[in-house]
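Participant: Listed in order, the protein sequences are those of chains A, B and C.
Numbering of the first sequence is given in numbering that gives the first Met the number 0, commencing with residue 0 and proceeding in unit increments.
Numbering of the second sequence is given in numbering that gives the first Met the number 0, commencing with residue 0 and proceeding in unit increments.
Numbering of the third sequence is given in numbering that gives the first Met the number 0, commencing with residue 0 and proceeding in unit increments.
It should be emphasised that the hints constitute simulated quantities derived from the structure, not laboratory data.
All C-beta atoms in this analysis are idealised placements derived from N, C-alpha and C, irrespective of residue type, glycine included.
Take these hints with a grain of salt, some might be off.
Claimed, not checked - Which chain C residues stay away from chain B? Per the calculated CB distances, all over 12 Å, these:
{"hint": "1", "residue": "G62"}
{"hint": "2", "residue": "N94"}
{"hint": "3", "residue": "S134"}
{"hint": "4", "residue": "T176"}
As the list claims (entries may be wrong) - Calculated pairs, DSSO-like style, for lysine-lysine (alpha carbon to alpha carbon, straight line, at most 27 Å):
{"hint": "5", "chain 1": "A", "residue 1": "K79", "chain 2": "A", "residue 2": "K65"}
{"hint": "6", "chain 1": "B", "residue 1": "K113", "chain 2": "A", "residue 2": "K99"}
{"hint": "7", "chain 1": "A", "residue 1": "K99", "chain 2": "A", "residue 2": "K83"}
{"hint": "8", "chain 1": "B", "residue 1": "K113", "chain 2": "A", "residue 2": "K32"}
{"hint": "9", "chain 1": "A", "residue 1": "K310", "chain 2": "B", "residue 2": "K113"}
{"hint": "10", "chain 1": "C", "residue 1": "K358", "chain 2": "C", "residue 2": "K313"}
{"hint": "11", "chain 1": "B", "residue 1": "K100", "chain 2": "A", "residue 2": "K32"}
{"hint": "12", "chain 1": "A", "residue 1": "K310", "chain 2": "B", "residue 2": "K3"}
{"hint": "13", "chain 1": "A", "residue 1": "K83", "chain 2": "A", "residue 2": "K65"}
{"hint": "14", "chain 1": "A", "residue 1": "K226", "chain 2": "B", "residue 2": "K3"}
{"hint": "15", "chain 1": "C", "residue 1": "K106", "chain 2": "C", "residue 2": "K131"}
{"hint": "16", "chain 1": "C", "residue 1": "K313", "chain 2": "C", "residue 2": "K26"}
{"hint": "17", "chain 1": "C", "residue 1": "K208", "chain 2": "B", "residue 2": "K100"}
{"hint": "18", "chain 1": "C", "residue 1": "K244", "chain 2": "C", "residue 2": "K273"}
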Amino acid sequence: MTDLTQPRPVTAPVRRSSGLFGIDLASPRHARKLGYLLLLPAVLLILGILVYPMLLAIEISFHDVKFATLSFGASDYTLKNYVKLFTSSDFWNAIGVSAKLLVVVTSISMLVGLGAALLVNQQFRGRGVARMLIALPWAIPEVVAVITWLWILDASFGVLNWMLLKLGVIGLPISWLNQPLPAFSAVTMVMVWKGFPFISIMILAGLQSIPEEYYQAARVDGANVWKRFIWITLPCLMPVLGVSLVLTVLWVFRDFSIINVLTGGGPVGATETLAIMTYEEAFSFFRMGYASALGVVTLIICALISAFLVKKTSHAVF
Amino acid sequence: MKRKLWQSILLYATVIVACAVVLFPVYWMVVTSLQPPGSLRAYPPHFLPPDPQWQTYIRLFIETDILRWMANSAIVAVTATGISMVAAVLAGYSLSRYQTKSSENVGLFILMSKMLPATMLIIPLFGIMRSLGLMGSLWSLIFAHATAIVPFATWMLKGYFDSIPNELEQAAQVDGCTPWGALFRVILPVAAPGLAATSLYGFVLSWADYLFARTFLANNADSWTVNLGIATFKGEYQTDWNLVMAASLLAALPIMIAYLFLQRFLVGGMTAGAGK
Amino acid sequence: MADIQIQNLNKRYGSFQALHDMSLDVKDGEFIVFVGPSGCGKSTALKILAGLEAASTGSIIIGGEDVTELAPAKRDIAMVFQNYALYPHLTVRQNIGFGLMMRGTDKKQINQRVERAAQALEISDLLERRPKALSGGQRQRVALGRAIVREPQVFLMDEPLSNLDAALRVQMRAEITALQRRIGVTTIYVTHDQTEAMTMADRIVIMRKGVVQQIGSPDALFNRPANMFVAGFIGSPAMNFLRGKVQRDDRGLFADAGGLRLPVVEAAASYLGKTVICGIRPESLDLARGDAPALEITPTLVESLGTEAYVHFKLPGQQVATAVAGEHEHQPLGNGTLIARLYDVGTPLSGGTIRLGLKPQASVHLFDPATEQAIS
Ligand SMILES: Nc1ncnc2c1ncn2[C@@H]1O[C@H](COP(=O)(O)OP(=O)(O)O)[C@@H](O)[C@H]1O
Ligand SMILES: [Mg+2]
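Please put together the full structure from these sequences, using the hints given.
Facilitator: This is the structure we're talking about:
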């Protein structure tokens, strides 16, 4: 015990470096500079690969060009692309398809996601495995998922048609991808399958963070399962539901791979969303000015939707 | 609360049916890949292949470049995730610890950049990559993916760092660390589950990409990623569904495995990122 | 080991001033306690000392060297945090040895010193555990071990005991004091608990809203509080404050507080005929004998603890409430209660009126009602 009163051994002092550019960022005085410095790599990446292209896209959308230019003000500005856009029936069709898909896929995904999360949040043996399996589609690349579904949906030999026929739901095999309504349903089915697991994961995490005491207190007060769900679970989940909703909406609205590989936007534009149309115009018809105008419209709609949703759910999100 | 027997049965039945419905496509992928070509069109379909054909996979390796595609995908995903993790760790840490009014705005800016539609960005990016001579090079994909991962990853990690008490790195600094050392020796090890979840998110995002790969790499088959390869391959081998499904399964396998290992971290990580 | 000079320290968070012009000289080996209600800036001051926050203006000098701009790592200090801040991914041994490792001490010496520190704190058999597997008291000891093993120039401790239960707190209080005396390292200890401050400190710095109110030994603060805040904060139960009129009669200067005759110091002469605030500690009151002038009160509550009894009472119009109750500062309500702490009462006190008088030799503290400063 008394050892501690011995003369103090010499401890090597910490090296007094002068740091970066002679500024010691470890000094309390420079903490703030260090804070900004840490943000720099992320900000540079985003400025270079997201913001600069965004500005370019806006620029290109005001030029009548076939290919993307990399400088600003290179040729005359024109509103031609936008005029053409707003008078094009394809454009309004794409808006309609996007909106329909948005509402249908988002609402079904949210419901399925909530249901799945509630299910695997119950106490039962093998719950860990069930949690893992039920969200597995999240980890499957969209292209792979779609190709698998193409086989399942195959008009002649697909297993889905066989099942539906067997169950007597349909009388004749459906040609899923060649008719407008079935094609739209197929897109919905695949998107829900691919999209609900993420929502489940989010909601599950939200469910786990609700203190058990809330439920116990409600039980003591005599609330039944349904009332507990309405008065405890849902309000506590609001933040997570809000975030999931925003992310899902943005995903559905902007997704390219699923529709491109599944239907290519067809038949006769029944599944042609804004995203699909933009890409087609740019890389199939090489009308990049026009495509950029479409992209800018997509961006504006995204901004409006998320501003609206964030406002509706902001008390919960931030 | 004890559950009654019928409630238990109902619960297990629901779970099993739900999992079966959700997992059916994966199951069907496996089964189809093992069917002999003749029984692909069997009616009724075979739900268990009578005679599993493992040589389908051998044929796949011989006839296609799937291994190269997967290697390309792996290179891109690992590098892009690595780059984005460096940026996201630093930014997330800064947003969590060095809060000022302007850094808060930068944080919102980072989050908002997730809103930009990729189908719009890809038009000028196509031109940019071409002028940089990166068209057909994996680097074009690496930079695009890294940047796509950064926004959400930054916020996921910020959530994680927020849950670690400030005093931990203060103690480390008093103990002789620079702020830098405190981050690497104390905060990052403590945030390991968060780092794992975020890396998984990044890896999945990059591995799943099709849009950028298709646009930047289409004309250089050597650098195709697995999704691009399979989509093209599917077009050529229209009816060899056993081959196509075998390729699909291989393409999905790496992240399915990573997901199975890291899933429990993901559940915590997602809401952390959502600003719970 | 070193002395510390804090010179005109100010800290602003935006427009909020957390520290006002704080100055303090700490002698080598001294045990200083910063005490005050929550939010008064104690932790802020400590963090600036540690280099974890930047001072807005002012300077810190440790052992003759100006460290104001120096990183925490270079100040040769050790700090114990309220939540202990043990590294969860390291064992106890690695936790304690972390600081030495960072300073490049060789492995063998680290082990030796870690074990010696563990021995001193009686945690030798916990060395291979992780913090998660420790009780609150054990974590506390590990945190102390981490501080002492480096044998730094200065210890800083921020409410290290407030997460422990009451009994353990008393024990650790004594241990920390003994440890500090033994190794003689200059220590600054932050607490909101005046009992801790009184029992541990060589000198106490008492703060309120970022302003140092008084610096002095526990004795000095108790017996000669500089103002009503200090008088009310130090001592438990808290001092009673009564309005009284300063008068003079043939027995000398006194204050008349509701019939009680309180002899006062000559310095109060300038307040003759005016109202002042008289501070009387609960211990200074006693049952009045005979027909001496006394306070006639009706107890609102009598708490009997066997050998002593706390008699709560009210004197509407006469009493003055202070703005502090233990840890928290609040708006004075004017409806607090006064307390007399009576010893050996004998027969149980009944609900009827009681006559309270001042004990002989008991001192009365006088305060200016406007400035709340002590009159002396
Ligand atoms: N980073 C900060 N930003 C703004 N205000 C702060 C910050 N840190 C502390 N404060 C404020 O400074 C005051 C003093 O805080 P502190 O020193 O922690 O008090 P305590 O005496 O309880 O330790 C409090 O009112 C607190 O709200
Ligand atoms: Mg404090």
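Participant: Compare the structure with each hint and give your call.
Facilitator: Verification of the hints:
no. : hint             : verdict
1   : G62              : 16 Å, holds
2   : N94              : 9 Å, violated
3   : S134             : 19 Å, holds
4   : T176             : 22 Å, holds
5   : A:K79 to A:K65   : 13 Å, holds
6   : B:K113 to A:K99  : 23 Å, holds
7   : A:K99 to A:K83   : 23 Å, holds
8   : B:K113 to A:K32  : 26 Å, holds
9   : A:K310 to B:K113 : 17 Å, holds
10  : C:K358 to C:K313 : 20 Å, holds
11  : B:K100 to A:K32  : 14 Å, holds
12  : A:K310 to B:K3   : 44 Å, violated
13  : A:K83 to A:K65   : 15 Å, holds
14  : A:K226 to B:K3   : 20 Å, holds
15  : C:K106 to C:K131 : 25 Å, holds
16  : C:K313 to C:K26  : 44 Å, violated
17  : C:K208 to B:K100 : 25 Å, holds
18  : C:K244 to C:K273 : 6 Å, holds
Of the numbered hints given earlier, the model fails hints 2, 12, 16; all others are met.
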